[in-house]
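Asks: Based on these hints, arrange chain A on the given structure of chain C.
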Amino acid sequence: MEVTQLLLNAQSIDGTVRKHAEENLKLFQSQNLAGFLLSLAGELANDEKPVDSRKLAGLVLKNALDAKEQHRKYELVQRWLSLDMATKTQIRAFLLKTLSSPVPDVRSTASQVIAKVAGIELPQNQWPELVGSLLSNIHQLPAHVKQATLETLGYLCEEVSPDVVEQEHVNKILTAVVQGMDSAEGNNDVRLAATRALYMALGFAQANFNNDMERDYIMRVVCEATLSPEVKIRQAAFECLVSIASTYYEKLAHYMQDIFNITAKAVREDDESVALQAIEFWSSICDEEIDILEEYGGEFTGDSDVPCFYFTKQALPALVPLLLETLLKQEEDQDLDEGAWNIAMAGGTCLGLVARAVGDDIVPHVMPFIEEKISKPDWREREAATYAFGSILEGPSPDKLMTIVNAALTFMLNALTKDPSNHVKDTTAWTLGRMFEFLHGSTIETPIITQANCQQIITVLIQTMKDAPNVAEKACGALYFLAQGYEDIGPNSPLTPFFQEIIQSLLAVAHREDATESRLRTAAYEALNEVVRCSTDETSTMVLQLVPVIMLELHNTLEGEKLSSDEREKQNELQGLLCGCLQVIIQKLGSEPTKYVFMQHADQMMGLFLRVFGCRSATAHEEAMLAIGALAYAAGPDFAKYMPEFYKYLEMGLQNFEEYQVCAVTVGVIGDICRALEDKILPYCDGIMTQLLKDLSSNQLHRSVKPPIFSCFGDIALAIGENFEKYINYSMPMLQSAAELSAHASGADDEMTEYTNSLRNGILEAYSGIFQGFKNSPKTQLLIPYAPHILQFLDSIYMEKDMDEVVMKTAIGVLGDLADTLGSHVGGLIQQSVSSKEFLNECLSSDDHTIKEAAEWAKHAITRAISV
Amino acid sequence: MAPHDLRRPFKRRPISDQQKRRDLSLLRQSQHRSDAQQRARNLASSVISLQSSSSPDVDPETLSEPMPDVDTTGHESEASSFDIRQASSLRGPEARKWFASQLMLPEWMIDVPENLSRDWYVLARPAGKRCFVVSADGTTVSRLRNGSVLHHFPSALPGGARKKGVSGPAQSYSILDCIFHEADQTYYVIDMVCWRGYSLYECTAEFRFFWLQSKLDETGACDPPSFYHKFRFSVVPFYNCDQSGLHSVYTGSLPYVKDGLLLYNKHAHYHTGNTPLVLIWKDERCSQYVIDTDNNGQVPNQQHIVLGLQDDGKIVTSDDPPVVVNCLNADFIKQSGLSPGSLVRFAIGDGGLNCVDGKFEKADLQYISVSNRARAFADSYSKIMFQYMARHSPLKAEDLASVVSQENQQDKLPEVEMSD
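Those protein sequences? They're chains C and A, same order as listed. Just so you know, UniProt numbering puts the end of the first sequence at 868, numbered straight through with nothing missing. Just so you know, UniProt numbering puts the end of the second sequence at 420, numbered straight through with nothing missing.
The following block holds chain C by itself, in its conformation from the complex (with noise of 0.2 Å):
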């Protein structure tokens, strides 16, 4: 059958004929890479050819160059990379033809698939002529061919780094794209597209915005662009701003008036999707604001490489009440909605940012607007002035707030139950929790929770447990933060009175009705984890009678029936919180001294815990099986009496790709069962270093997990000792290689240094256990070979500089073990080190005392090991 028939049946309403046609074409496609893939091209291309099939073609074709999963996507380049040059130009060429096409959604489709050819051809140098014949006579073509080469080089910038494009290709493309926004261009969609193409294109114009008059260009441009009388080309253009908000903040400072009058006009009077896009540029200064602010401590040294030019506190007397406006344009029922986003909400969100940025300039800006509408009849204007309240509480000093929260308190309790307005109610339990979480808590000198108020606020967030849904869950998240406040108190909580009371009050909360909605039932068990974890031994009673009431509940979700996918996934999430909260008390409660009461729960607990592994959700996985892991410490080497029945799920966990989540709380809970047994975990090590390696080897799990699994070795091997002796050949190797890319990936931003960090300790970390566990074995010899490896890596990260605290103390430490367990062998080689020298000086001077402890530790380990 032809391809088009194909492509069009694979579209058909009747399943049969669809499944059949979809059949058919993975046959084609698995049978004759380079004959689909061109015929697909070709389809594309012909504009004889039916919409449909053509733009199915471009999607089909698209799809076989690109995939989510990173190692489906690798396998996808490759193939395509080792495609004969023939078909490959055939194809480039299909593909450039199709972006005259008279069709719109066949040109958009065309764009995408080539820039998925650039995105492989291009950083292995192919398809070099690309921009070439894309921009070379981008100003003689009509306007719909126009509008789809800029689209094009859009999805280009967006899909190709920076690096593997030349600057005089960047100039071009940035030329052309910024030309095709100039007011000069009479077509909107040549306009559009071009301003929409400049957003993925301000990755490339690093340069262009180093050079005075090239950005003083992309800057008018864009800013013209805001004032378009075509909305989607305003939204576009304040799309750009907001990007160049935080990719260009240090070169803004000349533009930031006009900016300000534009977002002010914008956030005023214009479409409220144009509005949202000119609060987020605020909101995106002050985001870089308050990291660079946070980075240098406030203060401008001269070695920040980005320093603070406060635009936002400049702004302050124009900008606050152009915030504090939008908070008057609430919508009626937007607590309700979980999707809800407007003017108000951003703008709010906005004026919080702006208080961190600023701190104490803000309050007097703000205070006359409370002031003013707190007591209005309009709930608007209530709701508004408590917004606005309590959005700016976090930034200003406590000092500055102090007296002005002590004075809304009461009347925020009182508004709490008697303000008949929803809205207002949910605003002010959310304002009270944000009070807690920032003005109460062992650091605050003044307290404003006391002896005298303590009762009463209390009893009102229980009564408002009652509210509505929205409501009651703010009143559960008041309640969190005022137990954390007393994390730190000491013996003796103040909440120990009303302990019993707040506990009901929660799981009352958890049983309602409509615990479901507005994230209700979630709040409740966070505050109920928050109340026992800041819980004090006087109600360590309490929280034992909690056991059983949780693992009633837990039980419950196990025997339900056929349920709906609806119901199903309800039922999953409350297993989750029911294991997180088990989790929160076995931590509580599993050391001395109720750990041997509350251990009577424990085969009971376990044998739930399996049970919820039975049910198909990630998250309840995750949560039992962190909770597990908290079990395991608390039971020591009795956790072995589970290890028959728990291994298969420890498998599972590891075998878990797709949820990597599962997988990473799976191979920390291995470190916690290393700890709790010890050498008991020696039979299941076969199995667990099988499938611990083949996640090494894996490119289908996420990164993340790698480094704990490095750890997770260490925690073997001190746990087994020298039986680590048969991994050590399939071990060792992969710790070297690891070792290798880690020492000298240092970093190109500051995610990579900071995964390259934790890679490394992982890698120290199974060194340390390794060294550890072979201590004064006789097979220590074994590690001998690996030690000229080892004392390597340390001198490279040591010359790298760019190691943390932590893999500092790690790194020190493993010198120490190396020194301490291979002893007089590796003297020699220990003493050529760079490390046992200047880095070992380093840390024993260091300010990080136990950064001192391991250098000390290890100091007297080299000394042994060198006087013999």
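Hints were generated in silico from the structure; no laboratory data involved. Computed from a predicted model, the values in this text were never measured in an experiment. Among these hints, one or two may not hold up.
Okay, derived cross-link-like pairs now, PhoX-like style, lysine-lysine, Cα gap no bigger than 25 Å in a straight line [stated by the list, open to error]: (1) 55/C <-> 19/C; (2) 570/C <-> 20/A; (3) 641/C <-> 334/A; (4) 68/C <-> 26/C; (5) 20/A <-> 779/C.
Residues from chain C that keep clear of chain A, each with C-beta distances beyond 10 Å, as calculated [stated by the list, open to error]: (6) 397; (7) 418; (8) 477; (9) 540; (10) 623; (11) 741.
If we take Cβ atoms under 8 Å as the criterion, some of the chain C residues that face chain A in the derived model are [as the list claims (entries may be wrong)]: (12) 325; (13) 430; (14) 665; (15) 675; (16) 698.
C-beta: ideal position from N, C-alpha, C; glycine also.
Replies: Below, chain A alone, put in the same frame as chain C:
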């Protein structure tokens, strides 16, 4: 190209409680990992702290007094200052618990284990002070079970004195489990824990005893005292726990005063703390101290025991897990000024003790007082029972002998058949 979603979290915490649980778990795991590593490193570090912290020979009683915090920030001259810091920051019962936890402690024999003649060694325990002897870095230190230093002296043990020669590399260390016998000023070695830096913790008793016997003599530690060797060491003779072995240790004459018999399971590793794989047994003939005496050296009319008070009012033994003996009511606790964690002394009344399957069914306890603060531990189950039996129906030497001889016959039976 659709517009980009710019929703931000609204009235929500940026970190969910689930994420918080995850983070706390990771934190807990990494903390425990580093604790585990610290413990492994402390195997050697404990040695360092033992020999480096030459704290004055203090009376155990004064150790329990709260001491002002020593300013540790100032002195950092010592290479191993963190070990010293750690060990020296331990005070009173803490210190006792720490040092005691380094020693293997026998349970009292309340019934005869199986395969006594095949799987066990027996030796006559010298009367004296149980201590750890550590030799390293040119000096030797002995420490009592409560952590206080008994002697600080040069010895012929490896690394035990500041002289080059037979004692081996200066930096290696050795740890011996000894009893110091006052009368002849001799350290009787009952076990070997580390030898020349080589740990014997994970070795069987069979191997440790073999090593002890073959290695100790080589060093000259068993020679009479000299300038570089202040006290003599001597290996306690041990035997298979068969008829002739039992007979030798029970009736044979030895250079030291006996205090009961120690039985070691041959396959057991050196397990710190209480273990049922080492047992102590006593009767009047081989020990002066069968029945516990009070502070004045008198045997009280009633058996005295010391138990720990838990939060829930239960009073328990020192075993892990603790064995519950009885429960005190809250009023009584309050009245007597007791608090959770207190060690409390009781007398056993006429009602006596009744045990089933290692649990107390009934215990007639009479409250005496809060225990002496110098004590770190409650009594163990086996001690209470042994003492109780000693007063009522003791396990006799004849019982041991008859078990051994029965085993002997069973062992011989198949041989007889085969030779037929």
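Asks: Against each hint, give a clear statement of whether it holds in the structure.
Replies: Outcome of the hint check:
no.	hint	verdict
1	55/C <-> 19/C	holds, 18 Å
2	570/C <-> 20/A	holds, 21 Å
3	641/C <-> 334/A	violated, 40 Å
4	68/C <-> 26/C	holds, 19 Å
5	20/A <-> 779/C	violated, 42 Å
6	397	holds, 21 Å
7	418	holds, 21 Å
8	477	violated, 7 Å
9	540	violated, 8 Å
10	623	violated, 7 Å
11	741	holds, 23 Å
12	325	violated, 19 Å
13	430	holds, 5 Å
14	665	holds, 7 Å
15	675	holds, 5 Å
16	698	violated, 22 Å
In summary, the structure is inconsistent with hints 3, 5, 8, 9, 10, 12, 16 from the numbered list given earlier, while agreeing with the others.
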